[in-house]
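Student: Single-letter residue listing:
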Amino acid sequence: MYFPSMSFPLGVEGQAAIEAIAACDRLAPKLLELLAQHDHAATMARPDWSGPHRDAFEARFAGVERALIAGGYWVLQVRHAAVTRLAELTVQAEEAAGLIPATGPR
Amino acid sequence: MSDGVLCSARPADLLEYTRETGDVIWQLRNGLVTFDAAVEEYLSASGGWLIGLIKKLGYRDPLWNAVVDLDDLSSWVSHVAWAFAMAGAGGDIHSTDLVSTSTLAVGSWLDPVEWKPAAHVRPGQPGDWLRAFNPLCRGYQDGAGYRGSGFIQGPDGRLYPLVAPFVTRDGTEYNADNGLAPGQTSVLELDGSDQGWTTVWESIGVERWREDPGVWDKVWMGVGSTVGGRPSGSAESDVEKLVLMPGMAPWFGAPADRPPEEPTPPPYMVPAAPDYAPPGQPDTMYPGSVAGAAVSGGVPMLIEGFGGGLMADLGSFDAFDVTFQENAAGDVRALYKRVYVGFDDAGEPYADSVWVTGPENNDHVLINYAP
Numbered sequence: 668m669y670f671p672s673m674s675f676p677l678g679v680e681g682q683a684a685i686e687a688i689a690a691c692d693r694l695a696p697k698l699l700e701l702l703a704q705h706d707h708a709a710t711m712a713r714p715d716w717s718g719p720h721r722d723a724f725e726a727r728f729a730g731v732e733r734a735l736i737a738g739g740y741w742v743l744q745v746r747h748a749a750v751t752r753l754a755e756l757t758v759q760a761e762e763a764a765g766l767i768p769a770t771g772p773r
Numbered sequence: 030m031s032d033g034v035l036c037s038a039r040p041a042d043l044l045e046y047t048r049e050t051g052d053v054i055w056q057l058r059n060g061l062v063t064f065d066a067a068v069e070e071y072l073s074a075s076g077g078w079l080i081g082l083i084k085k086l087g088y089r090d091p092l093w094n095a096v097v098d099l100d101d102l103s104s105w106v107s108h109v110a111w112a113f114a115m116a117g118a119g120g121d122i123h124s125t126d127l128v129s130t131s132t133l134a135v136g137s138w139l140d141p142v143e144w145k146p147a148a149h150v151r152p153g154q155p156g157d158w159l160r161a162f163n164p165l166c167r168g169y170q171d172g173a174g175y176r177g178s179g180f181i182q183g184p185d186g187r188l189y190p191l192v193a194p195f196v197t198r199d200g201t202e203y204n205a206d207n208g209l210a211p212g213q214t215s216v217l218e219l220d221g222s223d224q225g226w227t228t229v230w231e232s233i234g235v236e237r238w239r240e241d242p243g244v245w246d247k248v249w250m251g252v253g254s255t256v257g258g259r260p261s262g263s264a265e266s267d268v269e270k271l272v273l274m275p276g277m278a279p280w281f282g283a284p285a286d287r288p289p290e291e292p293t294p295p296p297y298m299v300p301a302a303p304d305y306a307p308p309g310q311p312d313t314m315y316p317g318s319v320a321g322a323a324v325s326g327g328v329p330m331l332i333e334g335f336g337g338g339l340m341a342d343l344g345s346f347d348a349f350d351v352t353f354q355e356n357a358a359g360d361v362r363a364l365y366k367r368v369y370v371g372f373d374d375a376g377e378p379y380a381d382s383v384w385v386t387g388p389e390n391n392d393h394v395l396i397n398y399a400p
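Here the protein sequences come in this chain order: X and L.
Taking the numbering used here, the leading residue of the first sequence gets 668, the next gets one more, and so forth.
Taking the numbering used here, the leading residue of the second sequence gets 30, the next gets one more, and so forth.
Partial list, derived from the structure: chain L residues whose beta carbon lies under 10 angstroms from chain X:
1. 39
2. 44
3. 52
Restricting the straight-line Cα-Cα distance to at most 16 angstroms, the calculated cross-link-like pairs of lysine to aspartate or glutamate (EDC-like) are:
4. L:270 - L:236
5. X:697 - L:52
6. L:270 - L:381
7. L:270 - L:377
8. L:145 - L:236
9. X:697 - L:65
Don't read these hints as lab results, they were simulated from the structure.
Each residue gets a CB set at the ideal place from its N, CA and C atoms; glycine is no exception.
Okay, chain X solo, but in the shape it has when bound (with noise of 0.2 angstroms):
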């Protein structure tokens, strides 16, 4: 979970990107949850199936599972880009706030 400092106001932006971040916390953690889930299901078809129908759902099954992993990777890659825009923000508010020296304009 991302806990950012109320001390200072971070703008609409700045909130959004927040929401943003607790978003990308909810649904990383989900996403490894319904793997596993899906994971089950097929074990629930495996054990007594066989011929070329299973050989085809192997491989749409890896399908859909890489599919999901490459999701995930998605959701951290915009949780870090969220992150790194929220660092900014914050060097600019407390700039602004006077907390810390300015370091001209970004």
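Since the structure of chain X is provided, determine the placement of chain L on it from the hints.
Tutor: Structure of chain L alone, referenced to chain X:
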């Protein structure tokens, strides 16, 4: 996908996968809706700053694509469960019984429309058909037996001899049943002398029995149609109105349309010069030379050809019912029925049924249905 191998599954197990995956999909959708709302608000607040970054990251909405893929996979598994149930569990998709059957049987329920018989009829070398299907061993006696010469390659890749059964009852030859009363003998089993066939797959539908003719083929077929009437065969809309039921004669489920238009009437023909002058008048001259007459005769023929050619491809369709069977001895056979729609002089539709026995156009046995 190979169709000639065995496969097995418990329909209820596959259904359980789809049930639990349905829950996964529901949770994933809800999670993404919440996520998207937060990210879109951020995109809006950032004034486009993040949009550029997301594009740089190569955002392609991967999670929603995953939802679609997962949904497709779940639907497909459900379809496979149903196909296994139909192939070996009496249609009960909740069956916990282990269904072990051929991929052909399952595939026929999964993809029944992809395979059309007309494209799979094969000729046989002399004697091939007899060796594959010896009519002498099938009670070819007492006016009953099988006719045939060719083969059809089934969806499983195997060649099945095409057979056209016949029996003789009170001096009349019959080639198929039109329903069977309890205890009544079947023409397809030669009135009891060749029993024990079980159907492993059956497909009923509408097909194109010949390729779309080329332009010049259509022209020449059109010329023929204006001379000989409507092209043989049936239009797709005609045969789609037929109802085919296994073991029954076809009937019309809806009135068949009359031909959309009658064959193109012959255009005015410029009289051509006769080839020979009248007897005793060797110097008689006719307007135009012989070559000119040929040209003047050729133009209307082309007009006629194009006019009739527009209709030529209308007659390229049939309704079909193809059945693949095997018996306890491991013998196989196929019964391939085609039904064409014609129109009598009063414009009333009628259905002609034939057994297809080979790849040639005359490899047909007209079916007389037993009462």
